[in-house]
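Enquirer: For reference, the chains in residue letters:
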Amino acid sequence: MAVASFVLGRRRSIATVGGYSSIRSLHSLPKYYGYYAAIWCGLPGLLLVAAWLSLSDSVITGRVVASLPEALRGSSDAQLGLLVNDIKNLAAGQFVNPNRAVELGAAAELYNSLQASARWILSGLIVALGLAGFLYSATRLQPDFRARNKVETVIKAALVVASTIAIFTTVGILLSVLFEALRFFQKISFTEFLFGLTWSPQTALRADQVGSSGAFGAIPLFAGTLLISGIAMFVALPIGLMTAVYLTEYASPRIRAVIKPVLEILAGIPTVVYGFFAALTVAPLLRDLGTSLGLEVASESALGAGLVMGVMIIPFVSSLTDDVINAVPQAMRDGSYALGATKSETVKRVILPAALPGIVGGALLAVSRAIGETMIVVMAAGLAANLTVNPLQAVTTVTVQIVTLLVGDQEFDSAKTLAAFALGLVLFVVTLILNVFALHVVRKYREQYE
Amino acid sequence: MTADEKRAQEETLRRVRASLARRYRSERRFRLFGLSSALLGLAFVAFLFVTIIGNGYTAFWQTQFKLDIYFDPAVIDPDGQADPQQLASANYRALIRDALQSELPDVSGRREMRELNRLISAGAEFDLRDEVVANVALIGSTRELWITADDEVDMLVKGHVERDEQGGARRLSDSQLRWIDALAADGRVEQRFNVNFFTRGDSRDPEQAGIAGAAKGSLFALLVTLVIAFPLGIAAAVYLEEFAPRNRWIDLVEVNINNLAAVPSIVFGLLGLSVFLNFFGLPRSAPLVGGLVLSLMTLPTIIIASRAAIKSVPPSVREAALGLGASQVQTVLHHVVPLAMPGMLTGAIIGMARALGESAPLLMIGMVAFIVEVPQSITDPATALPVQVFLWADSPERAFVERTSAATMVLLAFLLAMNAVAIWLRNKFERRW
Chain A
1 MAVASFVLGR RRSIATVGGY SSIRSLHSLP KYYGYYAAIW CGLPGLLLVA AWLSLSDSVI
61 TGRVVASLPE ALRGSSDAQL GLLVNDIKNL AAGQFVNPNR AVELGAAAEL YNSLQASARW
121 ILSGLIVALG LAGFLYSATR LQPDFRARNK VETVIKAALV VASTIAIFTT VGILLSVLFE
181 ALRFFQKISF TEFLFGLTWS PQTALRADQV GSSGAFGAIP LFAGTLLISG IAMFVALPIG
241 LMTAVYLTEY ASPRIRAVIK PVLEILAGIP TVVYGFFAAL TVAPLLRDLG TSLGLEVASE
301 SALGAGLVMG VMIIPFVSSL TDDVINAVPQ AMRDGSYALG ATKSETVKRV ILPAALPGIV
361 GGALLAVSRA IGETMIVVMA AGLAANLTVN PLQAVTTVTV QIVTLLVGDQ EFDSAKTLAA
421 FALGLVLFVV TLILNVFALH VVRKYREQYE
Chain B
451 MTADEKRAQE ETLRRVRASL ARRYRSERRF RLFGLSSALL GLAFVAFLFV TIIGNGYTAF
511 WQTQFKLDIY FDPAVIDPDG QADPQQLASA NYRALIRDAL QSELPDVSGR REMRELNRLI
571 SAGAEFDLRD EVVANVALIG STRELWITAD DEVDMLVKGH VERDEQGGAR RLSDSQLRWI
631 DALAADGRVE QRFNVNFFTR GDSRDPEQAG IAGAAKGSLF ALLVTLVIAF PLGIAAAVYL
691 EEFAPRNRWI DLVEVNINNL AAVPSIVFGL LGLSVFLNFF GLPRSAPLVG GLVLSLMTLP
751 TIIIASRAAI KSVPPSVREA ALGLGASQVQ TVLHHVVPLA MPGMLTGAII GMARALGESA
811 PLLMIGMVAF IVEVPQSITD PATALPVQVF LWADSPERAF VERTSAATMV LLAFLLAMNA
871 VAIWLRNKFE RRW
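Protein sequences appear in the order of chains A and B. First residue of the first sequence: 1, per my numbering; consecutive thereafter. First residue of the second sequence: 451, per my numbering; consecutive thereafter.
In short, the hints are calculated from the structure, not lab data. Any given hint could turn out to be false.
Using 30 angstroms as the maximum straight-line C-alpha spacing, the simulated DSSO-like pairs for lysine-lysine come out as follows [what the hints assert, rightly or not]:
{"no.": "1", "chain 1": "A", "residue 1": "Lys416", "chain 2": "A", "residue 2": "Lys348"}
{"no.": "2", "chain 1": "B", "residue 1": "Lys608", "chain 2": "B", "residue 2": "Lys761"}
{"no.": "3", "chain 1": "A", "residue 1": "Lys260", "chain 2": "A", "residue 2": "Lys348"}
{"no.": "4", "chain 1": "A", "residue 1": "Lys260", "chain 2": "B", "residue 2": "Lys878"}
{"no.": "5", "chain 1": "B", "residue 1": "Lys516", "chain 2": "B", "residue 2": "Lys608"}
{"no.": "6", "chain 1": "A", "residue 1": "Lys260", "chain 2": "A", "residue 2": "Lys343"}
{"no.": "7", "chain 1": "A", "residue 1": "Lys187", "chain 2": "A", "residue 2": "Lys31"}
{"no.": "8", "chain 1": "A", "residue 1": "Lys156", "chain 2": "A", "residue 2": "Lys31"}
{"no.": "9", "chain 1": "A", "residue 1": "Lys187", "chain 2": "A", "residue 2": "Lys343"}
{"no.": "10", "chain 1": "A", "residue 1": "Lys187", "chain 2": "A", "residue 2": "Lys348"}
{"no.": "11", "chain 1": "A", "residue 1": "Lys260", "chain 2": "B", "residue 2": "Lys761"}
{"no.": "12", "chain 1": "A", "residue 1": "Lys156", "chain 2": "B", "residue 2": "Lys761"}
{"no.": "13", "chain 1": "A", "residue 1": "Lys444", "chain 2": "B", "residue 2": "Lys761"}
{"no.": "14", "chain 1": "A", "residue 1": "Lys150", "chain 2": "B", "residue 2": "Lys761"}
{"no.": "15", "chain 1": "A", "residue 1": "Lys260", "chain 2": "A", "residue 2": "Lys444"}
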């Protein structure tokens, strides 16, 4: 329809001025009149579809649920969810427990008929809106009508909307995580969560079960996260830094041309591959090594996960430091050489101090990467929440717990799943602070030498 | 020059020489240190690739038995009607068993029969069924067919499991070993190209499991990501570079974008879970939701790369267009964006490569389910390639280690190809102004 109105609008604009010969008396090029008509025809319909699709399902489900007999409707939220699922499956013609099917047959039919009528109403509305839009635009297509300016306003508005998506994403993350976390803190006190020393998120299915009251003290998780990130930084920082120094100050262009792309490959490897590598190769290697030295090494030790995570972060650190070192003005190097300093002395006494703020910023970004890294620790670190600083034992991290709490089918309202969102909130806030601070430092540093 | 002065001078020279030697030594040490850390990085890459390829290359072959299958009408088609329903539910396992037994006549007794049966993949009978249903004329004839072996047999033939190992790792009995040897001596055991691996969905049996489902799930998710993130990213970049006024709001947007690029990916998964699944009620495990989450995640990458590309278009191009009477929008859309397109595409491909390798947010929105069928649309339940790697890495069977490595190799191959395309684009269309 939009295409048709483009053609019609364009033709009409030409016709209003009496054909191609006098096309110059139009304000804008004919195609802009076409675009104008097409926008009026298509845009309201598209907006309608978007709004409709996001709302119709919940409205219909609400109607269907309201139509259910009282006995079925009185159940808890979780059971209701299952019920709605059954109804949908039945409506889609899939297999449902036969006993259930009889009870829900009417509801499923209602669901189907509502869906069908919704579809008809929607298509009718779209056609009507499109026609109305086209007719409205057609009345406005006069030779002196500023079609181009109108179309450009719409384009600019679309660009503005696109640029605010990032803001919406951040707000969306914050609100969704915050909202669920607040519900969690209604059940578990804030201080208990932040400062509690035991973490065992199993809640009892029945009241008489033993030892499953659930403890949500997140200190062991924070400690585990810090331990693994610390090991990772201990590996990545020196190696990444020295690699960057070597590549910027010593390496010939040919060596640089080989090593840099290879390091970029290292940076592009998916983290799940690192995780698999850690679990398959590094962990057994460490265990064998530990046994031969007479040490007890857990098969999911913090050391293995930390080492592999360090390898993952090396290229990140080295490319950030590379940029930072390159930004140090050549004049500072030349000055140092002129005083008789060797290269290493120049690096140690001049370049690194000058680049320090940038390096610190890069290191903070790397720490935030390490804290938020998920797959490596999920696959190579443990699940047991030990409060320890011994890198040979198994520890667990915030991200591991988020994954284990949320993967699998659980009712959404339990303290267990909500705890994942509380952990997510902590993770988001901590990385946010680190990122903002680090980016600020790096930016300040760049400005200093520009 | 007095003697004192001379002595002082010599003393200085001596000290300088001594310290020079020390300084040069430390210089060499420092340099060596730098070189070795750079080489360490390279060594890690090499080690990683060697382990994964060394573990995984054998998964592209699969041990199969050459058996003379007699499509016995009495077993699969007793009425002689070739009724499809009858054919679909017939006992094909019996055909394979008969064929095996005719090769190994010394097998007797219920227990040995069961053990013999276990040499063959549990899915082999369905392959036979499909063949018969597709070609009814087979009934009553004898064909020489390649029958997929069980994963334990496969591991033994490939040498991943030692023959003399007792109990634990080797799960085959001595008589099973003997039969395999007998078949092998007959030239009836061979490793053939593993078609299942590329055409099937997931399975609990390693020899039947394939990556087609996961690959298609990844493809769908990436398509959604591309359709959403690429236009939005370009639009945002164009606005920020060309139209945006310098004010606090725009500063906020910029800080925000840089920041989002560094937010842990699992947080995007939490967003997807609570907004797309719980609020909008989109289907769980669907590539549609996966694509939405991944596009939010790659958007900052694409915006940053596109802005750099737009920035590199020289102002003279804009001034020329504006000077010829083009409006601002026309200047940007007709001149700046086409010139910046190669750079934007490169950024987009790199962003997509990141999205392809990402798995943490997909875990959150349920794309980790065990799904056998290959998805047909973006709302079907599916997994993605990296998630498949994660799932298989958790499986206890020895044969899954091999398949996990192979799936990783496929994933890495895709990533390297995408990056190569990005680099090629950059080199081909890069312009120095």
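Enquirer: Each hint: holds or not?
Expert: Each hint tested on the structure:
| no. | hint | in the structure |
| --- | --- | --- |
| 1 | Lys416/A / Lys348/A | violated, 50 angstroms |
| 2 | Lys608/B / Lys761/B | violated, 56 angstroms |
| 3 | Lys260/A / Lys348/A | holds, 23 angstroms |
| 4 | Lys260/A / Lys878/B | holds, 20 angstroms |
| 5 | Lys516/B / Lys608/B | holds, 17 angstroms |
| 6 | Lys260/A / Lys343/A | holds, 21 angstroms |
| 7 | Lys187/A / Lys31/A | violated, 61 angstroms |
| 8 | Lys156/A / Lys31/A | holds, 18 angstroms |
| 9 | Lys187/A / Lys343/A | violated, 61 angstroms |
| 10 | Lys187/A / Lys348/A | violated, 54 angstroms |
| 11 | Lys260/A / Lys761/B | holds, 25 angstroms |
| 12 | Lys156/A / Lys761/B | holds, 19 angstroms |
| 13 | Lys444/A / Lys761/B | holds, 21 angstroms |
| 14 | Lys150/A / Lys761/B | holds, 27 angstroms |
| 15 | Lys260/A / Lys444/A | holds, 26 angstroms |
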